[in-house]
Each structure stands twice: as structure tokens, then as C-alpha cells.
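**Student:** Given next are the chains, with one letter for each unit.
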Amino acid sequence: MESTVKAVNGCIFEIMDYRSDGFSEYWIEDKDGVDFEVLKNIPESTTRWINIDGGCPQSTLECLSKTFRIHPLVTEDIANNVQRAKIEDYDDYLYIVSKMIYYMEDELIIEHISFILGWNYVISFGELKGDVFTSIRDRIRNQNTLIRKSGADYLMYSLLDAIVDGYFEVLEVLGERIDKVEEDVLQVSSTETLHEIREVKNSLMYIHKYIWPLREVTSWMGKDSTELIRPATELYIRDVYDHIIQIIDTTETYRELLAGLIDLNLSSVSFRLNEVMKVLTIISTLFIPLTFIAGVYGMNFRYMPEIDWKYGYYATWVIMVVIAVSMIIFFKKKKWF
Amino acid sequence: MESTVKAVNGCIFEIMDYRSDGFSEYWIEDKDGVDFEVLKNIPESTTRWINIDGGCPQSTLECLSKTFRIHPLVTEDIANNVQRAKIEDYDDYLYIVSKMIYYMEDELIIEHISFILGWNYVISFGELKGDVFTSIRDRIRNQNTLIRKSGADYLMYSLLDAIVDGYFEVLEVLGERIDKVEEDVLQVSSTETLHEIREVKNSLMYIHKYIWPLREVTSWMGKDSTELIRPATELYIRDVYDHIIQIIDTTETYRELLAGLIDLNLSSVSFRLNEVMKVLTIISTLFIPLTFIAGVYGMNFRYMPEIDWKYGYYATWVIMVVIAVSMIIFFKKKKWF
Amino acid sequence: MESTVKAVNGCIFEIMDYRSDGFSEYWIEDKDGVDFEVLKNIPESTTRWINIDGGCPQSTLECLSKTFRIHPLVTEDIANNVQRAKIEDYDDYLYIVSKMIYYMEDELIIEHISFILGWNYVISFGELKGDVFTSIRDRIRNQNTLIRKSGADYLMYSLLDAIVDGYFEVLEVLGERIDKVEEDVLQVSSTETLHEIREVKNSLMYIHKYIWPLREVTSWMGKDSTELIRPATELYIRDVYDHIIQIIDTTETYRELLAGLIDLNLSSVSFRLNEVMKVLTIISTLFIPLTFIAGVYGMNFRYMPEIDWKYGYYATWVIMVVIAVSMIIFFKKKKWF
Amino acid sequence: MESTVKAVNGCIFEIMDYRSDGFSEYWIEDKDGVDFEVLKNIPESTTRWINIDGGCPQSTLECLSKTFRIHPLVTEDIANNVQRAKIEDYDDYLYIVSKMIYYMEDELIIEHISFILGWNYVISFGELKGDVFTSIRDRIRNQNTLIRKSGADYLMYSLLDAIVDGYFEVLEVLGERIDKVEEDVLQVSSTETLHEIREVKNSLMYIHKYIWPLREVTSWMGKDSTELIRPATELYIRDVYDHIIQIIDTTETYRELLAGLIDLNLSSVSFRLNEVMKVLTIISTLFIPLTFIAGVYGMNFRYMPEIDWKYGYYATWVIMVVIAVSMIIFFKKKKWF
Amino acid sequence: MESTVKAVNGCIFEIMDYRSDGFSEYWIEDKDGVDFEVLKNIPESTTRWINIDGGCPQSTLECLSKTFRIHPLVTEDIANNVQRAKIEDYDDYLYIVSKMIYYMEDELIIEHISFILGWNYVISFGELKGDVFTSIRDRIRNQNTLIRKSGADYLMYSLLDAIVDGYFEVLEVLGERIDKVEEDVLQVSSTETLHEIREVKNSLMYIHKYIWPLREVTSWMGKDSTELIRPATELYIRDVYDHIIQIIDTTETYRELLAGLIDLNLSSVSFRLNEVMKVLTIISTLFIPLTFIAGVYGMNFRYMPEIDWKYGYYATWVIMVVIAVSMIIFFKKKKWF
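Chains Y, P, R, Z and L, in that order, are what the protein sequence lines are. Take UniProt numbering: the final residue in the first sequence is number 337, and no numbers are missing along the way. Take UniProt numbering: the final residue in the second sequence is number 337, and no numbers are missing along the way. Take UniProt numbering: the final residue in the third sequence is number 337, and no numbers are missing along the way. Take UniProt numbering: the final residue in the fourth sequence is number 337, and no numbers are missing along the way. Take UniProt numbering: the final residue in the fifth sequence is number 337, and no numbers are missing along the way.
Rather than coming from a laboratory, the hints here were simulated on the basis of the structure. You can take every hint at face value.
Here are the simulated DSS-like cross-link-like pairs (lysine-lysine), alpha carbons at most 27 Å apart as the crow flies:
hint	chain 1	residue 1	chain 2	residue 2
1	Y	334	P	334
2	R	334	P	278
3	R	209	P	86
Reference listing, derived: stretches of chain R covered by chain Z, where coverage requires no fewer than 3 residues with Cβ under 8 Å from a Cβ of chain Z:
hint	region
4	81-93
5	277-289
Note that CB positions come from ideal geometry on N, CA and C, so glycine has one too.
Full structure from sequences and hints, please.
**Tutor:** See below:
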């Protein structure tokens, strides 16, 4: 069973304690009556990661906040999922907010996630039950990984890196959809193409909106602004910053490509329609003068010399063919079809 | 009776005095001959909130200004409702201007509001008779709220927070209207859709216009710029600042969504119209050659061999059907309908 | 007679000397042979305002410049009316350039105006004979106004304030024109609407262009940059700065509104035209199959059984009515009209 | 003969030496074997202007560079005419690059020009044989001009000023072309109008592109950045800077005007076309029902009561006229034409 | 055989050692078991350039990194080809990333390239087997070139300069394609023109995207930020910076030109189509009233006086010609064709 999709009705605390020579992993359910002091009590030279998925009741949140001496405004913000990515420095801990984007069962999930980074612990608050941190759990379980040898700040970096990698994966899927749209536009463009373009465009808009403030967050973290992040880790944070810049770059490129495709789609739809209308109009225009001629000799005047002429009928046909052919030649010469 | 919609012809001063262990609430009417010195005379460790709704005569304003030693330029500005949000620091007091947005009886009200924040008082000047401060009054009336334990700066924060929350509520309504417009555009788009889009677009424009300068105001207030705001309150002000950034973000997202809907509306209107015109033109084009043939055999030439031929009429029908069917097949093959 | 529209062929110097307890007002004509030294000779604790309207000959300008020790580049600039708003600090005096906008006889006048602000004098050089300073003259003539108690810097503020107020008045007129255009667009939009939109749009463009650099000018003046402007006056200058920001804001709002109206106009013109074309095409399409049927029975084939049938004519009418009605029902069902 | 259009195959050095009490003017041809040391040898209190038009061979350029101790990179840059305007400070001399724009025989010439400004000399390298410096030569030849009393820095200012004045002249011509285009758009707009708009638009784009970096160049020169330019001259340089800002302003205004004209052109072309199509369609629509009626009574049914009725023909005419008139009234009422 | 297209399956190290009085050039294949210590061991006053084309296995990269004491993050980045241009300062060496653009066999190649610049060595990691460095190799092989007399920093400059020159060459090709597109648009514009415009537009977008961050890289390198680059070389780096600014300028000019061409293409396509439709509609409109008249006299009423009139037929012809001619005159007068 995959640990990341566990059902957490009663708000489960997923806890991983690790140091270079060992690790332990256990779950505490909220309804058991959590002893928050135990949570706070972290053994020496150990890093603790407390992960809380799927939201938890306000009361639990407040107890936890009191235990870790977290400001009431932060507690309020954790429960508020319209927050944009930001970082706040409360000396003893950092409060970091971000959006996590990933695909679950072919659906794009946008999840609000908050972190508290202390000296030897990280608390992560997820909105839903899934996340993108499976590989981090695996690396903690392995003896010789860098994460086991590093502290809470490196864990924080790993979490942010996993989130940013999630954006890359979503962008890859969008890139493929743009390629497909491009093919469609050039061959058969229908209203579905339009809707697909619109969906991809909106997804890109949201990705851009969510990644943009993360830029400032990582820029701040990589700039020696706090003692909670060691200089050695700052180098890694700057790498995350570079990745974010690449994501912003790519979304902008994709948006330009899409804008081009929207224009191309409009032109090619209208081009094709105009071609149809032109051909139809040419057909009508060809027959209208001929119908007129037929109409003339359908008149019932008593004195119409052509009517009685023996070859009148054939001559009329000849005239009509001549007119039709001249018109076709004229249209061809004018390159009208 | 709701206190916020009281009729204030003679300019009523709504006064709330409170400290942690008590509060009093009373109204002074302008026509009574207000003793302004009493207004200024605030008991020790008490915070006074003077709220003046619905505009008041210039003379009263000037008396008030003299009592509280407010600069004549400020007095002038209070009466001028085209001001944009701003803050001015006069050492002894701050002058803050903002726009308040709320719905009253399904109509969007944009109200100009000014504040004077002194050491132990806040004076608020509303343009109309309604406001968004009911919850603040309730919190003052309750014993154990944070507002009762805090000073004038926290009251100022609460007022700004209530104003910004008003923006969120209006945005929520606009968000629902955008959702409805989207449905309309995809199903039946008429001129009403166009007008609805335009109205929402203009509302967003105004919200953006009014909230934008408030950003600078709260940024200044949260940055240790004045002693009138205590550091503990600055943290709360910065929270308001974050909310304002979120509102700006949301208006921008909504505007992008609307721009997409306007384009989609245009395309889908023109797409549907073009389909109609194409079908109509195809019908005409089908019958014009047939009418020509009928015209030919309606000619009265004496010598027309087909006329006398026994199966001429049936043959003509056959030819016409063949022509019509070939055209239909041709159009189908070309995917013209 | 209004003093501001006096004919000034020979370049009249309009001079107002004032101090808190008196004022004098007189005119010197250029052709009299101006004694420039007298101009320079200002009595103690008196402020002198020299106003020169309608341009004056280069030679007079040069004499004046020499008297007041003005740099030749400034003298050159005064005569050059393509200058944008700017301020130049020459220690002993400030050189300020601006555009004045007002309506005279329903026509929008854009006038170039320059100022020299010295310690106890202001010289203003207008391009045309009208100006927006009438109210300032009245305030100087009255004993108890603030302007009489203040110095040259406050006069300078009053002149700039009057100029900026002129922009507000023009914007108000434009606002009314936009309201009228909006009504026109929704009811009857013609080419005149298009021209009206274009005119308002260009006016807004010019206002924006002229007011924009004035922002920097007043910002500089309000920032303690020069001793020529006292701190007390700087407060007033900052008020002018706020007004300028409001004007810029309003022009931007108006431009967005206009852009919306242009789009709406285009859509509603094309919508109405398309409706007309659709109805016309539907009428044609209804009759073309009927005409074909009539054509068929107009053919002269000898052997046409229907022709000799007694009820053929009536049957044909029935068929034609059935076809027409089915088509109408079909079109109605498809919501084509 | 005009000195500025002299043929310079062999690369002619046009030299002007001047001081307040005299000047000399002579030409050295490259093929004579130039003694570069003489060029460098400038008499005391004399300013030398060496002008080299129409490009000169790389070898000459290198000799010159060695004589005046110019950095090889500069020598390379002088020969490279895709450079944008810039200034480089090499302590002993400044290297300034610009674009010169002027009309020669109704054709817009864009010429690359470089300057070396030393303590007592200016070297100018023109790409072509014409320039905009005639008035400067005249002022050097006159005894009492400011240029004769000033040094190399003032000469440099004069050269830049002449270049910037050239931009103004070109803008004036473009302004007139825009006025003409506006008239055309409102009266008869054809494809030529479109091409004219495009040409003016591209010219404005190039002017904007070339003048923009010159802004930074003059801003740097006017800011006390180098001892090669005296404070007194800096004032003049700042005047050139102001002119450049005006040119940028004007190009932006022109571009906005043109954008408006492009939209107006599109609308008025499509408006006129639509009017034509509507009238044509109305004519067709009027006659199609009438033709149908004529068709009905052209049928050859044996039993058609109306046919034998004495007034059938006249009645039919009456019906047809009634139908036509009702349709016209209907169309008029709907304001379709 | 051209050295730059050598097949490098086993990852070949192409090494050039040079000093002012000699140079050596040799290749080491990875499979030989590279002695990395030898690579690091650079003779005194010698500059070593190690070029690795076509990617190399991760293990080799790691050995190399250990030898030259390169940070693991850099080693990771070298293998990651979605990096944008950047520079990182690791005190002992600089890590520089860029994109190289060139044409190989008429195809546009975008190659990711990384550099390590140490005190006396440069290591370059190319993604593919081709590069733009042939001229640099030639200059190293020649005795008297500046590169032979300079150190690793000048080599680094030469490499960047060659990359930037590659952009110029690609831009030149794109410039020619834009010229061709312009001709096409004015003469025959088809869907191919549209695709060509789109391709050029996308190429420009990518060039802009890749060159933009290189601006910051060279700006940093030219600003005395590191001791690894000598002041004399900084001057050359700043020259590269100027070239990059020119490339950005040119791409922006090209993009504006293309935007103009896209609009022109749309207008001219729609203009031509509209002309066709108008002519076709005019032809139809001319014949429809005439057909109606013919229809009238094709009716079979027994009592039609005109039918029996001797000149009825000719009179009808006259009427029809008069109608046709009046319509043509009317259309001509209205300038409809």
C-alpha cells in the first residue's frame, strides 16, 4: 500500500525521525488524544518531519501551534487555502506557503501546502491526502543518502525541490498537449480545438500565478537571510530558484506558442470558410446570367424572330456555353479559384 | 434596528469608548451644538472611535479639525471624494483614505472613507450611511475580544481589515457571475452576455483601481514607519497587506479569464453565424443550376428536339436529380457541411 | 472687461505686487520702452508676479533675462513651445515649464506656459492671451487670503494648482462625452460615434502626455530639493502631486472604458449587420426552391402528365407551401432567426 | 560647391582648426601619404575637428588610431556600422557612436557616425558623404560665435545637437505624412493608404530604436561623469537630453496616432464594404419573391383559373408592387438602409 | 577532415595546450582509461582548453569533477540541457552555461554548452558533435595571435564571442527570410506564407529567450566581479555585451516587422477575398432584375397587351439594357467597383 494516499479522517500525524545512523517512522492519530509535548520533544542530533495531510480540525491546529510556539496569525493562515506562496521569518521558525501541482488519475490537482521550518524539525500541512514527497520518504529510509546526513534545512530544500519538480512534470504534459493542438490546428480545427487551447491556456495561467511568488520565497531563502538555513544548503536552494526561473521561462514560451496557435486557428478556420463561400458564390454567379438568357427565350411575345429561327435553340446553347467558359477563364485568370 | 443604516441628516457622531474592562456607546447630533472639547477629552487608557457617516457640513468638519489640530489640507481632502487611497503622516496623527466596496440591496456601493488615527482615538468619515464595520462594533461590545485589550492602532487595523474583507466578498460575487457567463458563452450567447461581460469587466477595473494604492498604504504602515502603530500591530497590518496582494492577484486572474471569455464569445458567435450562412448558401447553390435547366426547357423555340421527345420530361428530372446528388456528394466529401 | 483676454500685440507686462497689508496692480506696455531695472527692483517683504501673455519679441525676452540674470538656454526654451513639462534648478531661481489645458468658446486650448520662480517674484510666460489664473488674481486682491500672507513659493503653488484644476475640468467634459458615446453605442452607432470615440481618445492621449512629466516636477518640488520653496509650501505642493496622480488615474480609467466601448461598438455594428444579412439570406433561400418548382412546370415538354392533371396547379401550390413552411420550421428550430 | 557632398574615394581628412581669434580649414587626401604626427600636433589653445566622410580604408584607420592612442576595440567598432548609440570612457578620450538621420533628395538616409572626443580635438567618422553639420561649419567660420570661444567639448555638443535636430526635421516630415494619411483614411482608403501607414510606422520604429540609446549617452555626458566635458557644457548637453526626450515622446504619440489610424482604416474599409454588400443583397432579396410569382404564372398547367381571368395579368402586377413596397417599407423601418 | 564533426561515441577529450611560444593539440578517448590527474597537471604559463563534445557518460563527468574539485551541483547541471544561460562563481572557477545556435546542413541547431573557467584552463562541454569554434582553433594554431599571448580568460571571451557571432549569422538568415515573406505578402499570400511567418516568429522567440539571460552573464563578467577575469579582458567582455544588446535589439525590430507583416497579410488576404465577393455579388445583382422582367413576360396570362404588341420583344430588350446600364453607372458612381 502506498503511504501517500492513506485515509486520514481523524487527522493523522505522519512522523519521521532520522539522523545519519538511524531513522524511525510512525503515525499518531488525532483521536487518540495526542500528547503534543512528546511531539515537541525531539532527541538530540535528530531531525523530525511531521506531515499532516488532508486538513485537520482547528482545535488540533491550535494545540500544535501552542506547543511549537507558533504565532496565532500563522495558525490562521495554515487553515486559509487561498494564500499565495510566501515566506515569513519568526526568528525561531520560518513559515513557508506554496502550491503543489500534480496529476492524480489524469486530473490536475492544485494543493495548498504550508511548512514550519524549525531548528530540528519541519512540519508540513497538506490540504489533500496525496503529495509529491514519496521519493523523499524513500531517501530518508536509505542509510547513505545526503538527506540523512543533513539537517532540517536540507529536508526543507528537498520538499521544495519535489514541489518544483512536480511543476516540471505538469509542464511536460502541457507541452505534449500543445504539440497535439498544433497538429489539430493545421489539419482539422473544430470547436474542440478551441476548448483544448482554452484549457491549456488557463492551466498555464494558474501555473504561472502559483510559481511566480515562489521565486521571491526561494530568492530570500538563498540569500543568507536567516540562520535557520545553513550556507551549504543555500547553494541547493539557489538551484531550486534556477529551476523556478526555468519554469517561468517555459510557461511564458508556452503562452506565446499558444497565442500564436489561437491566431493560426482563427485564420485557418476563417480561411477555410471563405474558400467554401467563394466557390459557392462562383457557382451561383456562373448560372445566373445563363438563367437570364433562358428566361428571355421563355417570354411569350408573339413577335420574337429568334424563336422561329431554325437554329435558334442551338445558337442559344452555344452562346450560353461561350458565356460560361469566358467567365470561368476570367475567374481563373484573376486567380479567384 | 441595524445601527449602520441610521438616517443622519443632521450629521450624527457615533462614538464608542472602550478599554479592556468596559465600553460605552452614544450618539451626538450635530444640531444639538456639539461641544467639541468634550470629544477631544478622552479618559485615560481608553480608546475612542468617532464615526461620522453620510457626510457632514463643512463648518462642523472645520470645528472638528480645529479641536483635533488637523491640518486644513486634510479637512479639505476629507470632503473631496475623488481621492485615491493614501496615507499621510502628520506626526501626531495619520490621515488615511480608502474606498469601501460592498453590496447593499444587490447594488454595488463604492464609498469613499477617510480615517484620522491619533494616539488614543480613531475618527472615521463615511460618505454614505452604510458601512462594513458591524462585526467590529460587536467585537467592541464583547468583553474578551483582542480589540478590547488593544489600542487605537489595532482598531485602525480592524477597520482596514473589514474594508479589505468587503473586497473579497464582492470578488466572490463577481467570480460567480464569471462562472455563469462562461456557461452562457458555451450554450447561448446573446447581446446580454456581452453586456454582462462588460459590466463584470468594469467592476474588476474599479476594484483593481481602488485596491492598488491601498497596497502602498498598508506596506508603509507595516514597515515601522510611525510610532502611532505598535510593532505587535504591524504584524497584523502585514497580514492585511497579504490579503490585498491576494485581491490584486485574483482580479488579475479574473481579468485574464474574462479576456479569454470575450474572445471565446466572439469566436463562438461568429462560428455559429458562419455555419448558418454556409448552410443557406449551400441550399441556394444546389437549386440555381436546377433552375437554369428548368429555364432552358421553358424557352419557346420552335425547333427544340428534346421537347417533342416522349421521355424528355422524365430525362430532365433524372438529370436534375443526378446534378443535385453529385453536388451534395461533392460538398460532403469536401466536408463543407 | 475680463483682464485675462486683453489684446497684447505690443507685449504687455501685467504686474501684481502684494504683501499682507496691501497690493498694487499695473500694466507696462513693451512699446513704451520698458525700464527693466524697475521691474527687478522689488520693495521689501513684497511679492511680485509678472505675467506676460501672448508671447513677446525675442529682444524683450533677452533684456528681461539679462535683468533677472537668467541663463541664455532658459531664454531660448521659453520661446520654444514644444517643450514638455520640466523643472530646472539654477540656485537663484527655478525654471518651470508646463502645459495649460482649458476650454475657450467650446474649443480645447493647449497652451504652453513657463515660470521663473525667484526669492520674491514669479514671472509667467503664456503662449496665448487667455489663462486659468482669474481666481488667483481675485485672491490676491482680497485682504485676508492665505496667498497675501505667503511668499512667491505659495504663489507658484497656486499657479500650478490652477493649471492642474484646469485638467480636472477638461476631464469632466470628457467624462460626459464618454457617457454620451456609451449611450450611442448601445442604441444607434454610426461612423460619427467612431469619430467621437477617436477624438476623445486622442484628447485623453494628449492630457496623459502633458500631465505625466508634471508628476516628476511636483514630486521634485515637494521633496525639500530647493530652498526657494519653504517646507510649509511643500505640503501644498504634495497636494498638487496627489491631484496629478488622480488625473493620471482617471485618464487611464477613461482609456480603458473607451477601449471597451471601441470593442463594443465594433461587435454591435457587426452583430447588427450580420443579423440583417442573415434575414436577407433566409428570405432568398426560402424562395429559391419554390422558384425552381415553378420553373419545372414552366417547361414546354409535350409529354408532362402533371400538366394535364386537373388539380396539378393546386397540388403544386400545396407542395410549395409545404416546402416553405417546413423550411421556416426548420430554421426556427435551429434558432436561425 | 557644397563641401558636405564632396567625393571622397581616397578618404579625405577635412580639418578645421580654430580658436577665438582665428580659424583655418584644409583637406588632406589619404593617397598623399598622410603624416599622422602632424594631425596629432595641435597648436596651443586651438581646437581641431577632423571629419572623415564616406568610410576610409582599414589601414588608414589603424594608423590614425595608433597616432591618437585609440584602443584597437574602438578602431574595430568604428568600421562596424551595426553598432547602436553608445559612449565609452577611455580616460584620455571618449568614444561616442550615434545614428544620423536626414533626407537627401527625398530619401531617408540613416547614417552611422562615430566620434572621438579628446582634450582639444574631435574626430568624426561618417559612413556616407553627406552630413547635417553645415551650420556648425558656418558658425566656426564666423568670428563672434560661442563655438569659437569654447573648446572641443562644446564642439562635441554642437555635433550631437545637429544630429538631434536632424531627427526633429525627419519627425516633422512624418507628422505631415500622418496628417495626409488621416485625410485619406476618412475619404478614400485603398491599399496605398495601407502601405503608406506601414512605411511611416516602420520609419517611426527605426527612429525610436536609434534615438533611445542616445538618451543614456547624453544622460551620462550631462552628469559630471568625465573631466573631458566642462560643467558649463554639461548644461548644454542636458538641453540635448531634453530634446531627445521630446523626440521619444513625439514618436510615441505618432505611434499611438498611427495605431488609431490603422484601426480606423480597417473599420472604415470593412464598414464601406459591408454597406455595399448589404445594398446588393437587399436588391437581390427584393426581386427573388417577384421572380417566384412570375415563375408561378409561367407554369403550363392546363387548369389554372387565374390565367384565363381577364385582369389576372394586372392583378399580378399589383400584387408584385405591393410585395416590393412592403418589403422596402419593412427594411426602411428596420433601418437596414 | 574537419575536426569539429568527429564522431565521439566513447567521449573524446579534445585538448589544446598553448603558450605564446608554442602549442600542442591531442585527443584522449574515454575508453582508454583516462588518467584525470594528467589532465589537471598543466605546465607553467600554459593555457589548457579541454573540449568535450557530444555528451559523455555520467561516471566520466564525476571523475573529471573530482579531479578539478567541481561542486556536485555543477556536475549535475552540466548533464541537464534545459538550463538557461547563467554564471556561477565558485571562487576557484566560474561555471558558465549558454545556448549555441548555428546552421548545420540548412537546419537550425540549438546546442546546450557549459564552461568551466579556471586560472589556467577552460573546459567546454558540448551537447552535440558540431560547434562554432573552428576559427578559435585556427587562431590558437597561429603564432602571432592575441589569443596565444593571453590567458584562459581571453580564451573564455573568444568562446563567448564565437557563440554570439553565431547568433548574428542566424539572425542574418532570418532577416533574409523576413524580406522574402514581405515580398510574398504583397504579391501572393497563401497559407504557406502564414506558416513561414510562424516559423520565423518562433525562431525569433527562441533566440530572444536564449540570448536574454546571456546579457546578465556578460554584464556580470565585465564588471570586475571576479579575479579570474583580468581587467584587460573585461574590456573585451563588455564588447560581447554590446553585441548581445544589438542582437536583442535586432530580434525586437524583427518581431515588430513580423507583427506588421502578420497584420498586413491578414488585411491583404481579406481585402482580396472581399474584392472577389463584391464583384461576384455585383454580377448576380445585375442579372436578378433582368431575370425578373424575363419571368414577367414568360407568364401565360391570356390577356397580356404587351405580348401581342409588335415591338414588345424589342422594347423589353431596350428596358433591360437601360436597367443594366443604369445599375452599372450607379455602382460606378458609388465607386463600388
